[in-house]
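Generate coordinates for the entire structure from the input sequences, incorporating the hints supplied.
From first to last, the protein sequence lines are chains Z and U.
Residues in the first sequence are numbered from 1 upward in steps of one, following our numbering.
Residues in the second sequence are numbered from 344 upward in steps of one, following our numbering.
Some hints here could point you the wrong way.
[Said to hold, decoys possible] With a cut-off of at most 20 Å between alpha-carbon atoms, the simulated SDA-like pairs for lysine to any residue come out as follows:
#1 U:430 to U:361
#2 Z:285 to U:619
#3 Z:272 to U:618
#4 Z:117 to U:409
#5 U:563 to U:537
#6 U:384 to Z:140
#7 Z:217 to U:612
#8 Z:30 to Z:325
#9 U:428 to Z:71
#10 Z:201 to Z:140
[Claimed, not checked] Covered by chain Z, according to a simulated footprint, are these stretches of chain U (three or more residues, beta-carbon under 8 Å):
#11 348–359
#12 574–586
#13 607–619
These are calculated hints, taken from the structure and not from any lab test.
Just so you know, even glycine gets a beta-carbon here, dropped at the ideal spot from N, CA and C.
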Amino acid sequence: MANKIEKKELAVFVNKLLDKYEVIGPKKKKSQYVFEIISSPDDLELDYPTTILPLKKFLTPQKEDLITFNLNNSDVLEGPNLEKKQLLFGVHSCDLNSFPILDKVFTDENPCPRYAKRRENLILVALTCNEPNEYCFCKSMGTGPSPDSGYDLLLTDLGEEYLVESGSEVGESLFSLMDGKNAEDVDLKRKESIIESAESKFERQVNTKDLPEIFQKNLDHPIWMELGKKDLACAQCIHSCPTCYCYDVRDDINLNIDSSTRYREWDSCFLKEFAEVAMEGNYRKDRSSRVRQFMGHNLGWGGAEQYQIEKGRAKCVGCGRCIRACPVDIDITEVAATIRGDK
Amino acid sequence: MIDPFQLTKAVIKDVKFETKDTYTYTIQYSSEEIPPADEFKPGQFIEFSVFGVGEAPFSLSSLYRNKTFDTTIREVGDVTRFIHKCKIGDKVGIRGPYGRGWPVDEAKGKDVLLIAGGIGIAPLRPIIQEIVRNRDDYGRLEILYGARSPGERIFVDEFELWKHIPKTYLKSCVDCVPSGFSWSEKVGVVTILLEELLTQPKDSIVLTCGPEIMMHYVVKGLIDLQFSEDQVYISLERHMKCGVGQCGHCQIGPKYVCKDGPVFAYSEIKGLPDLII
Numbered sequence: 001m002a003n004k005i006e007k008k009e010l011a012v013f014v015n016k017l018l019d020k021y022e023v024i025g026p027k028k029k030k031s032q033y034v035f036e037i038i039s040s041p042d043d044l045e046l047d048y049p050t051t052i053l054p055l056k057k058f059l060t061p062q063k064e065d066l067i068t069f070n071l072n073n074s075d076v077l078e079g080p081n082l083e084k085k086q087l088l089f090g091v092h093s094c095d096l097n098s099f100p101i102l103d104k105v106f107t108d109e110n111p112c113p114r115y116a117k118r119r120e121n122l123i124l125v126a127l128t129c130n131e132p133n134e135y136c137f138c139k140s141m142g143t144g145p146s147p148d149s150g151y152d153l154l155l156t157d158l159g160e161e162y163l164v165e166s167g168s169e170v171g172e173s174l175f176s177l178m179d180g181k182n183a184e185d186v187d188l189k190r191k192e193s194i195i196e197s198a199e200s201k202f203e204r205q206v207n208t209k210d211l212p213e214i215f216q217k218n219l220d221h222p223i224w225m226e227l228g229k230k231d232l233a234c235a236q237c238i239h240s241c242p243t244c245y246c247y248d249v250r251d252d253i254n255l256n257i258d259s260s261t262r263y264r265e266w267d268s269c270f271l272k273e274f275a276e277v278a279m280e281g282n283y284r285k286d287r288s289s290r291v292r293q294f295m296g297h298n299l300g301w302g303g304a305e306q307y308q309i310e311k312g313r314a315k316c317v318g319c320g321r322c323i324r325a326c327p328v329d330i331d332i333t334e335v336a337a338t339i340r341g342d343k
Numbered sequence: 344m345i346d347p348f349q350l351t352k353a354v355i356k357d358v359k360f361e362t363k364d365t366y367t368y369t370i371q372y373s374s375e376e377i378p379p380a381d382e383f384k385p386g387q388f389i390e391f392s393v394f395g396v397g398e399a400p401f402s403l404s405s406l407y408r409n410k411t412f413d414t415t416i417r418e419v420g421d422v423t424r425f426i427h428k429c430k431i432g433d434k435v436g437i438r439g440p441y442g443r444g445w446p447v448d449e450a451k452g453k454d455v456l457l458i459a460g461g462i463g464i465a466p467l468r469p470i471i472q473e474i475v476r477n478r479d480d481y482g483r484l485e486i487l488y489g490a491r492s493p494g495e496r497i498f499v500d501e502f503e504l505w506k507h508i509p510k511t512y513l514k515s516c517v518d519c520v521p522s523g524f525s526w527s528e529k530v531g532v533v534t535i536l537l538e539e540l541l542t543q544p545k546d547s548i549v550l551t552c553g554p555e556i557m558m559h560y561v562v563k564g565l566i567d568l569q570f571s572e573d574q575v576y577i578s579l580e581r582h583m584k585c586g587v588g589q590c591g592h593c594q595i596g597p598k599y600v601c602k603d604g605p606v607f608a609y610s611e612i613k614g615l616p617d618l619i620i
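What follows is the structure, given as structure tokens:
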């Protein structure tokens, strides 16, 4: 089902959403943009370029308690409360495509009840990306600039109006909250030409053909040593990656020494401690091997098979955040071209 | 939905001295709800929690029987140091068992060669117990065991028993013999025991566990002796923090040691990045 609403009607729609849900959308933060809880339609900045951090922070928070122990009798106390119903508004296609990967990790074989509950309570209102920025390469990764599925609603900015398409029953039910009229073929055609126009604006791309095989053949490529010399091991690429999900598990005792909390916290394969084992062993002691791990997992071996996503797709969704965040200009698209032999 | 981080309560039933830094703990579940017995397989691991300190993964070093299992732990860091302070009767938390263990079914009807280095014999002990329990299901059992010195071998009190299992051969070697120790067997790294190997590549299976560099040379030696890459199984060590394929710490290329392993046929992992083997 597809509808269209005038731009001025959007605020009315968002206000109705705010009555029912906790709405999270793109907001301005100094010169950049972030996804945060909004309290008014005026908070929304729908012309936003990619946000600083991806959406994983709402499903698997940076730090999260797992269990609390009572140390006096070793009883395990109850776990943390689960989150309420949330609606993500204005999600770009790259970020939307991170969900199937996170879902595979956190809800498949050994589901995490915290993630599963939040995910179940999440409504996704996506937004076609009309203006890819200089770091974006989603088109070449097959993840954008407009999604084919995975959303409850999809908005496309047609100029004076928004085209609104539903992708689920939940999405369909939201039509009752908006004062729209039926979209016509001409509107869908306008959407197609907007997508075409967006597609012509990409400055970066990755040739994904046979990438897993190319990575496997280039485990000894000199680029890993070169990047190892540049890398600061700051892990900004990992934290800003929508599909990097690794975490550390730690225990903290409270100061009364009567209870202890086990928590998990985002971790990064760029950090030296990540692959440490007993007896001071470390399987990725060198920075070069850690750069290779990040690149290989994102573009090489961590792809369609590992996450059961569309054939030919990689873990990387092409959002470009890792390139923008890198203080020493390591560029995943250049790495891919170099090991292919294109550079 | 059960939280993968939920612990099952257990108590330390017995502690046995192995070497100056290694003890075998017999763990008995104390909670009502425990994993079914058939979920325990030789070669798997559990996550062991000391309340208020932390959690770490350890191999099962025995078969599961009557709500109990053994795990053999060397003091190498903070969690293991605290575990070594634990006494009989202390409460602990257990998760698991996790992972893919040794290919027990595939070993049936074949000669079984076990090659272990140091504490690497711990995850192989349940295989020896399984063969004892169902002796007629397997062919010859040959055990090659290397350690740094005679005092660093574990399960030494069981060696006489193992030697008396029908059709079983146990050979040991040590890297060096410090003064004060007597030693009548070979001196050298474990691959010197391959020189007098009884097991033939035909109708046999090899299970090896030890430092990865040791397994590297063991696999090389076996390939030279015409063993194939898919009949040699290794058990890999990584720091599995979650045990359920999420935290990422045990990733080797596309494989997770915690759920795809820790046991792999050599052919399955050959050529992957960040391996010594």
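Evaluation of the provided hints:
1. Of the supplied pair hints, the one linking residue 430 (chain U) and residue 361 (chain U) holds, its CA atoms being roughly 15 Å apart against a limit of 20 Å.
2. Pair hint residue 285 (chain Z) plus residue 619 (chain U) holds up; C-alpha atoms about 12 Å apart against a cutoff of 20 Å.
3. Taken as a hint, the residue 272 (chain Z) and residue 618 (chain U) pair is honoured in the structure, with Cα atoms around 16 Å apart against an allowance of 20 Å.
4. At most 20 Å may separate the alpha-carbon atoms for a hinted pair to count; residue 117 (chain Z) and residue 409 (chain U) exceed this at roughly 36 Å.
5. For the suggested pair residue 563 (chain U) and residue 537 (chain U), the alpha carbons sit about 11 Å apart, so the restraint of at most 20 Å is met.
6. For the hint pairing residue 384 (chain U) with residue 140 (chain Z), the CA-to-CA distance comes to about 45 Å; that exceeds 20 Å, so the pair is violated.
7. With a CA separation close to 15 Å, the supplied pair residue 217 (chain Z) and residue 612 (chain U) stays within the 20 Å bound.
8. Taking the CA atoms of residue 30 (chain Z) and residue 325 (chain Z), the gap is near 16 Å; set against the 20 Å cutoff, the hint holds.
9. Restraint check: the Cα-Cα separation between residue 428 (chain U) and residue 71 (chain Z) comes to about 16 Å, which is no more than 20 Å; the hinted pair holds.
10. Restraint check: the Cα-Cα separation between residue 201 (chain Z) and residue 140 (chain Z) comes to about 12 Å, which is no more than 20 Å; the hinted pair holds.
11. Counting residues of the region 348–359 of chain U whose C-beta lies closer than 8 Å to any C-beta of chain Z gives 4; at least three are required, and the coverage claim holds.
12. A stretch counts as covered by a chain when three or more of its residues have a beta carbon under 8 Å from one of that chain; for the region 574–586 of chain U and chain Z the count is 5, and the coverage holds.
13. Residues of the region 607–619 of chain U lying with their CB closer than 8 Å to a CB of chain Z number 5, which satisfies the three-residue condition for coverage.
This entry does not satisfy hints 4, 6, going by the numbered hints stated previously.
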